[in-house]
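> Chain by chain, the residues run as shown.
Number of protein chains: 2
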Amino acid sequence: MPYELYYWPGLQGRGEFVRLALEEAGADYIDVARGPEKKGQGVDAMMAILESNSEHHIPFAPPFLKDGDLIIPHVANILLYLGPKLDLSPQDEDLRYVANGLQLTITDIVAEVHDTHHPIANSLYYEDQKDAAKQRSADFLRNRLPKYLDYFERVLRQNPSGDRHIVGDRLTYVDLSLFQLAEGFTYAFPRAMHGFKTRYPALAALHDAIRERPNIMRYLGSKRRIAFNEGGIFRHYRELDYP
Amino acid sequence: MPYELYYWPGLQGRGEFVRLALEEAGADYIDVARGPEKKGQGVDAMMAILESNSEHHIPFAPPFLKDGDLIIPHVANILLYLGPKLDLSPQDEDLRYVANGLQLTITDIVAEVHDTHHPIANSLYYEDQKDAAKQRSADFLRNRLPKYLDYFERVLRQNPSGDRHIVGDRLTYVDLSLFQLAEGFTYAFPRAMHGFKTRYPALAALHDAIRERPNIMRYLGSKRRIAFNEGGIFRHYRELDYP
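Quick note, the sequences are listed as chains A and B, same order. For what it's worth, the working numbering labels the leading residue of the first sequence as 21, then goes sequentially. For what it's worth, the working numbering labels the leading residue of the second sequence as 21, then goes sequentially.
Treat the hints as calculated values from the structure; they're not laboratory data. Treat the hints with care, since some could be wrong.
It does not matter which identical chain is meant; a pair holds if it fits inside one copy or across any two.
Heads up, simulated EDC-like pairs for lysine to aspartate or glutamate below, C-alpha to C-alpha not over 20 angstroms straight-line [stated by the list, open to error]:
| # | residue 1 | residue 2 |
| --- | --- | --- |
| 1 | 150 | 261 |
| 2 | 167 | 75 |
| 3 | 150 | 113 |
| 4 | 243 | 148 |
| 5 | 167 | 261 |
| 6 | 150 | 75 |
| 7 | 86 | 113 |
| 8 | 167 | 71 |
| 9 | 86 | 114 |
Extracted from the complex, chain A is given alone in its bound form:
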């Protein structure tokens, strides 16, 4: 039975971190909310679960994964669950907690990126919080983004198994998520990301290596990969980037 991924259609958003793992592994999955209503898919199918009064374990928000009867919400939790099944987790039990910890740091940075364009309220338009967004983005680019990138570069360099992977000596879902982070930052903040390759050589090499993996390359060239846009987490607003 295929995995069912539920996420808002029309944007990469948080769902993309899950898609990359499923695509790399060549897993059989349905992107339910993007599917046709006549097959019982579409956004209504997603809302039916979120609003269910009988479902035993309702998620708070998308993305969530359905595997048979089990519903698993939150990106890091989904990847924790899928990792061993897709052969994208460390073999070592302890290292799985290390991987999960790294993924949760990615979760944090993703929330911070979202808040660069929505610092006041998700319920307001960007245009109605633009001044606060400029202030928050300036702080993010000056203090937070370098802190996170420095950190991941350091983790790569200090990996006792070498700097080709962020944890252990083989590809994990965390490597794929780091690829997506670099993609997203480059889209949203091209000026602030200028010099990324020379400033963060290990991260940049990891990014290049992931992009060249056959299943990832095929996915990125397919219609399943939604282009970055201003409905997602990573948005390009010229006025929020470096001048």
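Dock chain B against chain A, hints included.
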């Protein structure tokens, strides 16, 4: 060997969710950054790990747990790891993902609460972002807090094992974290939380039941429980609460 918890001294903060689990279980642990320097503890001991150039798996930020050589960062990850050891996880493997998903929703709300007083930058004083904080808090209290509390009340009510616990039929670390959420919201936003017991009867009953557990009651009355204060996540600023 005792568990070593590393977190900023002087505030409950995110560390408190871990402390409650350790205390409920009567586990042997050291709150390292609050310990004496002459024993090799204190904040310097925590910073030494965060800034280490040789440590294999460095955390991005506190809190983190050290169990022997293994370092585990992030509250939800620490609780995922400790849960089975402290007998505070569901027995059922699938339900452990449900518990982790709920804990990650708590992680999200905690980040949102933090941003009610720091919507622009962690690096700025509250006083320097007070106007944005008022706007963000107003939205949080109007849209987000009720959405989260409605959700948890619903999850309790829809728990097929009954509404005494948020997942399964026994105490888990998620119940303890929900207790802490209610404590924190009541401290930070006493006016907005007015009527909590009648509006959220299942959550309120869970909160009362946790407070009366012997180990929790003993902990809350001890010097180990730091009082809420304006250095933590849950801060009481009169102007951010309902009028």
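> Which numbered conditions among the earlier hints are violated in the structure presented, ordered from lowest to highest?
The structure breaks hints 3, 4 and 6; every other hint is satisfied.
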